[in-house]
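A.B. asks: Single-letter residue listing:
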Amino acid sequence: MADSFAERASSDWGRAPLTERSLMPIDSARLTRVAQEHLDFVWRCLRRFGVPASDADDAAQQVFLVAADKLSDVPIDRERAFLFATAARIAANARRSIRRRQSAYDNLSQAPEEPSASQDELSDQLRARTLLDQVMADMPEDLREVFVLFEIEEVSIQDIAATLEIPVGTVGSRLRRARQAFQQAVTRHRARVGFKQGAVG
Amino acid sequence: MSEPTRLIDEASGDKLEASLVQVARSEGPSPEGRLRILAAIAGASAATDATGTAHAATGSKVAAKGMLSYVPWGVLGVVAVAVPTALWLGRGEEPKASSEQRATVAQSPAAATPEVSPLAPSEPGAPPPMALEGLPPLPTPAAASGAASGVKVQGSLADEVTQLQKAKLALKTGNGAQALTELNTYAQRFPRPTLGAEATVVRIEALRATGNAARAKSMAEGFLAQNPNSPYAARLRSLTGAR
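Respectively, the protein sequence lines represent chains A and B.
Per the numbering used here: the first sequence ends with 201, consecutive numbering throughout.
Per the numbering used here: the second sequence ends with 243, consecutive numbering throughout.
Rather than coming from a laboratory, the hints here were simulated on the basis of the structure.
Treat the hints with care, since some could be wrong.
[Stated by the list, open to error] Among the chain B residues that face chain A by a calculated CB cut under 7 angstroms, a handful are:
1. 24
2. 25
3. 169
[Claimed, not checked] Now the stretches of chain A that chain B is said to cover, found in silico as 3 or more residues with beta-carbon under 8 angstroms:
4. 36-48
5. 59-70
6. 74-86
7. 160-168
[As the list claims (entries may be wrong)] Below, a sample of chain B positions facing chain A; criterion: calculated Cβ distance under 7 angstroms:
8. 27
9. 29
10. 40
11. 157
12. 159
13. 224
14. 228
15. 239
16. 241
No experiment lies behind these values; they were computed from the predicted model shown.
C-beta atoms are modelled at their ideal positions from N, C-alpha and C, and glycine is treated no differently.
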């Protein structure tokens with residue numbers, strides 16, 4: 001996997017086991033504010049990084065428990081970047097855990113019902129999310145980070161560069177490749193649906 | 001580099017691609033899940049504040065049950081006991097509620113409004129007398145008088161959850177008036193609510209339960225005007241007919 005932020009962050013924020021570190025007193029007010037402000041952001045990032053909806057609440061809770069432990073070391077203007085890195089790392093752990101939990105993994109990875117190719121029929125949110133999960137799962141992690149922040153969270157290129165600690169040009173390059181990957185995945189989906197419909201017809 | 005146009009904003013873009021991005025943007029924790037997470041975080045914070053360490057207890061099987069297997073339970077320690085979470089999950093005073101009922105509560109809301117005043121007649125177009133999500137509620141006479149009236153003002157998030165539970169329980173048992181009373185108490189105690197949106201939704205439900213559908217709709221429209229993308233938006237529209 002290419003140089004994803006989550007991998008690099010694991011050597012910085014949040015690597016040492018929590019049980020082995022002394023814990024600073026929690027700034028309750030700050031933690032509450034951070035949770036309130038960023039819960040949806042964290043939850044969506046976890047989902048796009050491959051955490052099933054059924055596990056996303058618990059994973060989000062874990063992100064903020066890590067934050068409770070480390071927030072005192074995080075500058076206020078880096079809170080979201082910290083949460084993003086933590087979410088990416090926890091999502092990676094979750095995916096590994098899910099692979100061990102075969103039943104859950106089956107649920108995640110088995111071929112879902114094919115969503116319809118038509119825009120109108122995608123009104124079924126559940127099927128749309130299934131397709132979205134598939135598309136995002138196929139995307140390399142370093143590209144997915146940029147895609148999630150830019151296309152879904154509407155973060156500016158400059159802010160993404162600051163968040164991921166990479167040059168602006170690299171953000172642009174990854175975004176282009178991420179879009180290509182996204183569009184190719186959608187195209188593949190259409191081809192599968194078309195083939196299926198043709199076979200049935 | 002210049003800011004590229006986002007897929008969802010491209011006029012000639014692929015509709016399916018834009019639709020998927022829109023789906024991703026609209027996702028979020030359920031109202032119930034949101035409350036549960038916030039309550040657990042509050043429990044963690046409170047536990048640590050109380051003990052000076054979050055490592056006091058080892059992972060509790062009780063707390064772990066139903067939670068992610070990969071959670072580092074050591075950190076939960078005392079938190080595991082997260083009273084607010086237990087409350088939310090229906091222990092204690094409240095009979096087991098169905099998931100649907102719990103979801104209703106989660107969406108309920110309250111407090112947003114330090115609205116302690118008697119429910120005013122509904123006036124279409126009138127600004128909703130409530131503090132909305134994302135906006136710091138203005139201190140109200142009711143809130144200011146909280147201490148004088150013997151109501152403890154502003155407690156922890158766990159306290160907020162507990163108070164909202166009382167309103168929920170009243171609604172569940174068909175006592176809308178009592179629910180409104182509990183919500184007014186909530187508004188007094190928490191002039192700057194963390195769960196303001198939830199409290200507002202509960203209040204709207206309570207208004208409907210007391211036969212004040214017009215007022216409920218007016219409040220819902222005020223809420224939706226300021227929070228069009230709230231996770232509660234669809235429910236409020238369905239519930240009240242608000243646009």
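A.B. asks: If a hint holds in the structure, say so; if it doesn't, say that too.
C.D. replies: Here is what the structure says about each hint:
1. Here the hint on residue 24(B) is kept, as its CB sits about 5 angstroms from the closest CB of chain A, short of 7 angstroms.
2. For residue 25(B), the suggested interface contact is upheld, since its CB lies about 6 angstroms from the closest CB of chain A, less than 7 angstroms.
3. Because the smallest distance between the Cβ of residue 169(B) and any Cβ of chain A comes to about 23 angstroms, over 7 angstroms, the interface hint for this residue is violated.
4. Judged by the Cβ-Cβ criterion of 8 angstroms, the region 36-48 of chain A is covered by chain B as claimed, because 7 of its residues qualify and three suffice.
5. Here's how the region 59-70 of chain A fares: 9 of its residues keep a CB closer than 8 angstroms to some CB of chain B, so the rule of at least three is met and the hint holds.
6. Three residues within the 8 angstroms Cβ limit are the bar, and the region 74-86 of chain A against chain B gives 0, so the coverage statement is violated.
7. A stretch counts as covered by a chain when three or more of its residues have a beta carbon under 8 angstroms from one of that chain; for the region 160-168 of chain A and chain B the count is 1, and the coverage is violated.
8. For residue 27(B), the interface hint holds, the least distance from its beta-carbon to any beta-carbon of chain A being 6 angstroms, beneath 7 angstroms.
9. Using the Cβ-Cβ criterion of 7 angstroms, the hint placing residue 29(B) at the interface with chain A is satisfied: the shortest such distance is roughly 5 angstroms.
10. Hint status for residue 40(B): holds, given a least beta-carbon distance of 5 angstroms to chain A, under 7 angstroms.
11. For residue 157(B), the interface hint holds, since its Cβ comes within 7 angstroms of a Cβ in chain A; the closest pair sits about 6 angstroms apart.
12. Interface hint at residue 159(B): violated, since its Cβ lies 12 angstroms from the closest Cβ of chain A, which is beyond the 7 angstroms cut-off.
13. Violation of the interface hint for residue 224(B) is found here, the shortest Cβ-Cβ separation to chain A being roughly 17 angstroms, above the 7 angstroms cut-off.
14. The beta carbon of residue 228(B) comes no nearer than 14 angstroms to any beta carbon in chain A, farther than 7 angstroms, and the hint placing it at the interface is violated.
15. Hint on residue 239(B) is violated. Least Cβ distance to chain A is approximately 19 angstroms, over the 7 angstroms limit.
16. Using the Cβ-Cβ criterion of 7 angstroms, the hint placing residue 241(B) at the interface with chain A is not satisfied: the shortest such distance is roughly 21 angstroms.
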